[in-house]
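4 protein chains.
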Amino acid sequence: MKNINLAVSVLPEKQVLYAKYLTVRGYSEELCRPLEIEDYVVQPMADVSPPKWHLGHTTWFFETFILIPHLPNYQVFDDEYNFVFNSYYETIGSRVIRTDRGNLSRPSVADIYNYRRYVDKHMIEFLDAEFLTQNLVDIFVLGLNHEQQHQELLLTDIKYILGHNPLFPPYSKEIKSAEYANHDREYVRFKAGIYEIGFEGQGFCFDNEQGRHKVYLDDFEIENTLVTNKQYLDFIQAGGYSDFQFWHAEGWDWVKKHQAQAPLYWHLIDGKWMIYTLNGLMDIYLEAAVCHINFYEAAAYASWRGMRLPTEAEWEVSADHISWGERWEWTNSAYLPYPRFKKEAGAVGEYNGKFMINQMVLRGASIATPKGHSRKTYRNFFQTAHQWQFTGIRLAR
Amino acid sequence: MKNINLAVSVLPEKQVLYAKYLTVRGYSEELCRPLEIEDYVVQPMADVSPPKWHLGHTTWFFETFILIPHLPNYQVFDDEYNFVFNSYYETIGSRVIRTDRGNLSRPSVADIYNYRRYVDKHMIEFLDAEFLTQNLVDIFVLGLNHEQQHQELLLTDIKYILGHNPLFPPYSKEIKSAEYANHDREYVRFKAGIYEIGFEGQGFCFDNEQGRHKVYLDDFEIENTLVTNKQYLDFIQAGGYSDFQFWHAEGWDWVKKHQAQAPLYWHLIDGKWMIYTLNGLMDIYLEAAVCHINFYEAAAYASWRGMRLPTEAEWEVSADHISWGERWEWTNSAYLPYPRFKKEAGAVGEYNGKFMINQMVLRGASIATPKGHSRKTYRNFFQTAHQWQFTGIRLAR
Amino acid sequence: MKNINLAVSVLPEKQVLYAKYLTVRGYSEELCRPLEIEDYVVQPMADVSPPKWHLGHTTWFFETFILIPHLPNYQVFDDEYNFVFNSYYETIGSRVIRTDRGNLSRPSVADIYNYRRYVDKHMIEFLDAEFLTQNLVDIFVLGLNHEQQHQELLLTDIKYILGHNPLFPPYSKEIKSAEYANHDREYVRFKAGIYEIGFEGQGFCFDNEQGRHKVYLDDFEIENTLVTNKQYLDFIQAGGYSDFQFWHAEGWDWVKKHQAQAPLYWHLIDGKWMIYTLNGLMDIYLEAAVCHINFYEAAAYASWRGMRLPTEAEWEVSADHISWGERWEWTNSAYLPYPRFKKEAGAVGEYNGKFMINQMVLRGASIATPKGHSRKTYRNFFQTAHQWQFTGIRLAR
Amino acid sequence: MKNINLAVSVLPEKQVLYAKYLTVRGYSEELCRPLEIEDYVVQPMADVSPPKWHLGHTTWFFETFILIPHLPNYQVFDDEYNFVFNSYYETIGSRVIRTDRGNLSRPSVADIYNYRRYVDKHMIEFLDAEFLTQNLVDIFVLGLNHEQQHQELLLTDIKYILGHNPLFPPYSKEIKSAEYANHDREYVRFKAGIYEIGFEGQGFCFDNEQGRHKVYLDDFEIENTLVTNKQYLDFIQAGGYSDFQFWHAEGWDWVKKHQAQAPLYWHLIDGKWMIYTLNGLMDIYLEAAVCHINFYEAAAYASWRGMRLPTEAEWEVSADHISWGERWEWTNSAYLPYPRFKKEAGAVGEYNGKFMINQMVLRGASIATPKGHSRKTYRNFFQTAHQWQFTGIRLAR
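Protein chains in written order, with UniProt numbering: chain A, 1 to 397; chain B, 1 to 397; chain C, 1 to 397; chain D, 1 to 397.
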């Protein structure tokens with residue numbers, strides 16, 4: 001979880017909060033509608049959480065940070081749930097027994113939906129009763145943004161679960177997952193000078209975006225559109241995965257250890273590349289933006305092209321002049337604090353900066369991001385070996 | 001799976017086979033009745049299989065070795081299932097994609113019950129049609145014994161799944177899991193001389209029991225009853241888990257690595273030992289036979305008592321004079337072939353001897369063993385670190 | 001190894017090169033004088049190389065990049081040495097057999113000194129013969145800087161080898177390893193604005209320093225002196241290693257995994273902190289700058305103090321106003337390319353940017369750095385868990 | 001270490017003990033004569049000990065069990081050595097600091113030879129002074145046998161150290177390592193019945209050989225000579241390493257994990273099999289007995305031939321009728337206690353049975369066994385994956 005700007009939000013009308021709450025909470029369940037009960041339970045790798053855990057954890061957030069401390073006479077749904085659905089908030093509760101999320105058959109999916117009903121009912125009661133102070137609005141809005149982040153992870157993790165099943169079940173036949181990147185390809189040019197980046201203005205943002213500040217940039221050019229499957233396939237076919245000179249040392253170790261030869265979900269079947277998508281296994285769509293590549297692959301591709309990835313400052317400065325939103329875009333910026341970054345106090349703010357090491361910034365948004373959740377100052381971040389996000393490549397020079 | 005004595009069975013009446021088939025198949029499903037769908041899916045450690053896998057794998061056996069080769073015009077239920085439900089039969093099918101059983105949310109539980117229905121229907125058709133030859137009867141009987149072995153594993157694995165959930169859900173409130181071992185404790189004495197062990201006579205046996213043969217035994221004494229929780233607790237309280245001198249070197253490494261201090265499912269809660277049973281978490285029942293100990297623990301306990309575990313020959317020779325059936329009893333015999341042991345040809349017999357290294361023999365049966373499945377010549381075997389079976393200790397000297 | 005600025009050096013007089021060569025080569029051997037032969041061989045962890053490997057590898061550099069391609073009729077000393085002393089230059093030779101450096105008893109130490117004599121003799125012949133072109137001077141100077149880098153590693157690795165021996169043998173009784181940091185502690189203040197960083201001018205630099213460029217900095221203050229053992233001991237005694245809130249998530253995982261409670265080489269003996277130094281095990285010297293801490297520890301200490309580590313740009317801008325040279329100083333800057341960074345072609349330049357991911361920049365120099373080897377634009381870098389370097393902490397805000 | 005029969009030895013003349021002591025102690029040093037100092041230090045895998053450790057550990061045995069407790073006024077050579085040279089005797093001293101033997105450059109080789117001189121001098125003083133009681137003679141003789149066991153390990157480990165160096169240095173050009181197995185190949189036949197095995201009579205034996213006892217054997221036949229390189233090459237060329245059906249399940253896992261395709265020290269160079277021997281790398285000698293195979297390979301070879309390995313009882317019964325002594329011969333018997341096996345008290349006898357699990361018995365002796373050290377009742381044992389011993393194959397049926 002990333003954290004909130006507690007200073008800038010304003011007290012909205014009760015009805016707006018109410019509608020927003022229902023919409024966000026409903027969308028999490030909507031995303032799970034195509035699932036079998038069995039799909040809610042499994043965890044094929046450590047970074048993936050079982051869908052039922054996402055549903056419980058986002059609910060636990062509202063119960064823990066709003067209902068328990070602020071709703072009079074609230075009865076906890078189940079004392080054990082704090083242990084099960086806490087993630088990394090080390091100040092809340094003990095974490096003695098070691099069990100992996102993917103081994104927990106109970107609470108059942110039905111129990112968790114009951115938990116959601118129970119908390120929703122009390123949240124509505126809470127909103128109705130006008131207990132909201134400015135500070136609680138901030139936490140409430142943070143809870144909604146937190147749930148939206150988990151909505152993206154939910155879809156990402158569902159894809160991983162189904163895409164690693166040898167039966168390759170589709171998530172849904174109805175959604176359109178092949179995205180088009182058919183803009184005319186051109187460079188956008190920027191002159192050297194002082195620019196400003198970081199969040200400013202009204203509305204919600206996470207604390208890592210705050211502290212609008214000046215940066216000095218050299219001249220640079222950035223592509224207006226993303227690298228396509230076709231372009232990436234050229235890299236594969238030119239032997240990109242077997243020539244160390246394009247790779248970081250760590251990246252090359254990753255290639256050798258995993259015998260990597262393509263993005264995640266690409267399968268070479270009878271000599272032909274197929275891709276597992278949310279619609280099932282299908283022919284590769286060449287004009288779509290390449291997806292599910294890690295930082296090493298993004299950087300190696302750029303190196304092979306004689307170009308580079310943009311920095312996050314370059315990206316943000318050019319955001320209004322390029323087309324973005326289909327893929328989270330790897331930048332060549334490490335995830336580090338902005339000047340004047342400050343930790344918030346207490347459990348909500350506990351971990352403001354705790355992930356600011358050995359991760360790289362992703363900018364933009366992806367087709368899995370809930371509508372309205374991202375913005376041009378949004379700083380997403382992942383470790384460099386991860387492929388399971390909807391990640392892509394934009395080039396600069 | 002262990003394999004069959006193809007030579008000694010006789011052609012039973014069709015009705016007997018028919019009834020036996022329904023009984024065995026029904027009992028597997030009966031065992032799963034208390035489960036939630038989520039419980040069928042998870043795999044908390046590599047040695048445990050998800051219950052739905054047991055249900056599918058035992059069905060796959062009949063489809064693969066009887067229906068496909070011997071029922072005219074049989075249509076395979078699903079081509080992919082051979083990959084999913086094959087276990088270690090390396091001659092059947094390819095095993096290219098590596099996925100763990102515990103990561104497979106599909107086929108769903110409903111799909112697997114449909115699979116069972118489909119195969120049952122065709123098996124009944126097959127039995128009705130009198131296609132049985134002597135050789136097919138043998139495979140059919142093997143399939144039933146194979147399913148019974150998996151019934152024991154099913155219950156063992158369910159206990160592990162529920163017993164490693166922090167909510168400690170009971171499997172069933174109705175069953176009685178605390179067993180009594182309240183015989184008068186005494187030694188049975190045997191004189192040195194030549195004895196015979198191994199299966200002989202009519203009826204089914206696995207091939208590892210075959211080859212009845214002479215062994216020479218020295219004088220020995222064996223206890224008529226098993227070590228109890230109370231006796232084992234004395235060992236714990238005397239510091240048995242912190243004094244290396246009672247342990248094998250490998251066993252002591254195991255103790256240190258896992259910081260072991262009690263059998264599996266024992267929990268020291270507020271200074272008091274509790275045990276997770278199939279009825280849930282409860283007070284320790286002191287008179288019950290100790291359960292869920294591995295070979296290292298059994299041998300260390302015996303050493304602390306100044307005694308030893310019996311050999312499998314000693315056990316078999318004394319089987320008619322002692323009380324057995326509550327716990328699989330660790331012997332101090334390695335699982336090795338009897339004289340004149342021969343591999344069978346083909347996939348069924350593929351692995352006759354493949355497990356005959358670095359495992360120890362267990363004799364008897366446990367409360368989880370299906371009625372009628374074991375016998376005094378039965379050779380069970382496990383690796384020495386395993387605790388999750390219903391294992392116990394009998395002493396000899 | 002880091003790489004060279006091929007453009008800026010000028011052709012020095014032959015005598016200067018000659019003297020420089022002898023000095024640098026001699027100093028490597030001087031550093032090894034206190035060693036027993038056995039000390040040259042071992043490798044107690046993967047990041048440490050056996051001293052004899054450093055002696056061979058630095059020699060291999062001159063043989064491979066100068067003598068073989070440029071000295072007429074040069075006979076390679078031993079064909080196998082390319083395999084043994086190559087480090088990570090993947091374009092030179094095959095690397096089929098996997099053996100760890102610490103397992104190689106041969107070539108013997110005597111063989112390696114013979115190798116050094118042989119290469120030195122031919123290098124002198126080469127320098128005498130005036131074969132030097134500007135390009136070769138650059139490689140030659142790079143070879144000397146490369147050897148100096150290994151001199152620092154040599155001392156660092158020797159300390160690790162002797163400091164992990166239960167006999168705690170001193171490296172040398174003659175050297176003074178307790179360093180003083182007894183400046184008056186004060187903050188140096190800088191105003192926001194555009195500054196320039198990066199190498200410029202004559203003389204040698206590595207390529208990662210090149211590309212002098214503008215950066216915009218906010219107001220900042222930086223301490224003129226380093227954090228002392230006494231100050232760090234306060235952090236330890238205040239429970240710094242047992243409170244997660246000061247640590248990055250990765251750092252806290254490191255603490256728990258290693259049960260870390262102090263810098264490397266600190267030993268709590270009979271309730272008193274002792275430190276292994278190059279003079280042997282001794283009482284802690286409280287006024288010395290704390291040493292052998294990793295990035296996680298440096299950042300946690302700063303967090304506990306309510307301050308932060310400087311960025312590398314802040315450090316470089318203030319370098320002329322602070323006292324530095326005793327410890328490599330962790331910055332909060334990731335090791336990433338400067339604007340307009342370009343890979344060099346060929347094996348020497350093969351890996352210019354290959355380490356520019358998941359490492360943090362260290363600035364300054366340490367008491368183990370050869371005199372004249374560092375400068376204020378020098379960019380050292382290590383992974384965040386490493387403690388075995390002579391690393392320290394400077395605070396900013 | 002294995003342990004001693006304390007009951008059967010008789011008090012020899014002082015001169016005999018004296019001569020025996022010098023011979024055994026001298027031979028350890030003789031074995032090390034061809035080594036460089038660097039060869040004494042390294043440990044390329046956990047099962048291999050550095051030669052200097054063997055020299056120190058065997059000396060530590062005499063110091064710890066004879067000089068310290070029984071020589072008046074004896075001054076320990078170095079207090080730290082108990083920590084460094086103790087192996088697994090958990091009752092003697094603490095073992096707090098974890099360092100691997102292969103990381104210890106000190107004590108130096110010279111220190112260890114001084115340690116040997118010092119202990120030898122005091123042992124001679126001890127023998128001269130006629131302090132020997134029957135019990136001390138037993139420990140003294142055990143110490144000599146213990147050192148002989150380490151002499152075999154010393155040679156085995158030296159071969160591993162040099163044989164894993166890419167320079168393939170020979171141990172000694174003078175020794176003859178290609179052994180002949182040119183007996184006429186024939187089966188020796190034995191009738192079913194009661195036989196006796198185990199040590200009896202005068203002289204030294206280890207405790208695991210004691211307890212001469214009856215065993216019942218079925219009819220069996222055993223080859224009088226060992227499987228040759230030529231025969232084993234047939235197995236390789238017939239695809240033995242790529243057909244799972246010949247292997248135990250564990251063995252097949254080992255093959256796949258290590259991509260095994262030949263015995264240890266075999267190298268396929270330019271399409272031709274070469275073997276590293278104590279004389280260096282050379283052409284395979286086809287008539288020599290195959291060497292350096294693990295239990296899995298021995299069992300797979302036997303299975304491919306449609307035969308089996310003998311049990312240890314069969315081997316001992318036929319020992320006078322077959323040619324043995326070139327290779328330690330894998331049997332299909334697990335290393336388990338004989339009837340009436342009893343642990344000795346105290347540190348010497350501490351671990352009598354501690355290795356009696358998950359190891360297989362080897363019978364005979366090898367070209368690396370010191371003359372006079374083995375006998376037909378000798379029970380050697382190793383874990384099933386080990387190849388680095390001088391192990392071979394004899395077939396039975």
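Derived by calculation from the structure, the hints in this document are not laboratory data.
Any given hint could be a false lead.
Since the list can't tell identical chains apart, any single copy or any two copies may satisfy a pair.
[Claimed, not checked] Using 25 Å as the maximum straight-line C-alpha spacing, the simulated SDA-like pairs for lysine to any residue come out as follows:
| id | residue 1 | residue 2 |
| --- | --- | --- |
| 1 | Lys173 | Gly193 |
| 2 | Lys257 | Phe83 |
| 3 | Lys343 | Tyr74 |
| 4 | Lys343 | Ser303 |
| 5 | Lys354 | Gln231 |
| 6 | Lys342 | Gln245 |
| 7 | Lys214 | Arg340 |
| 8 | Lys256 | Lys343 |
| 9 | Lys257 | Asp128 |
| 10 | Lys343 | Asp253 |
| 11 | Lys376 | Leu153 |
Here is how each hint holds up against the structure:
1. Lys173 to Gly193: neither (49 Å within a copy, 56 Å between copies)
2. Lys257 to Phe83: between (35 Å within a copy, 22 Å between copies)
3. Lys343 to Tyr74: neither (30 Å within a copy, 63 Å between copies)
4. Lys343 to Ser303: Result: close only across copies, 10 Å inter versus 37 Å intra.
5. Lys354 to Gln231: Classified as between: cross-chain Cα gap 23 Å, same-chain 37 Å, threshold 25 Å.
6. Lys342 to Gln245: The answer is between: 13 Å across copies meets 25 Å, while 40 Å in one copy does not.
7. Lys214 to Arg340: Both. Shortest intra-copy (12 Å) and inter-copy (20 Å) distances satisfy the 25 Å Cα cut-off.
8. Lys256 to Lys343: between (39 Å within a copy, 23 Å between copies)
9. Lys257 to Asp128: Answer is neither; intra-copy 56 Å and inter-copy 47 Å both fail.
10. Lys343 to Asp253: This pair counts as between: shortest inter-copy Cα distance 20 Å, intra-copy 35 Å.
11. Lys376 to Leu153: Classified as within; 20 Å inside a copy, 44 Å across copies.
Of the hints listed earlier, those the structure fails to meet are numbers 1, 3, 9, in rising order.
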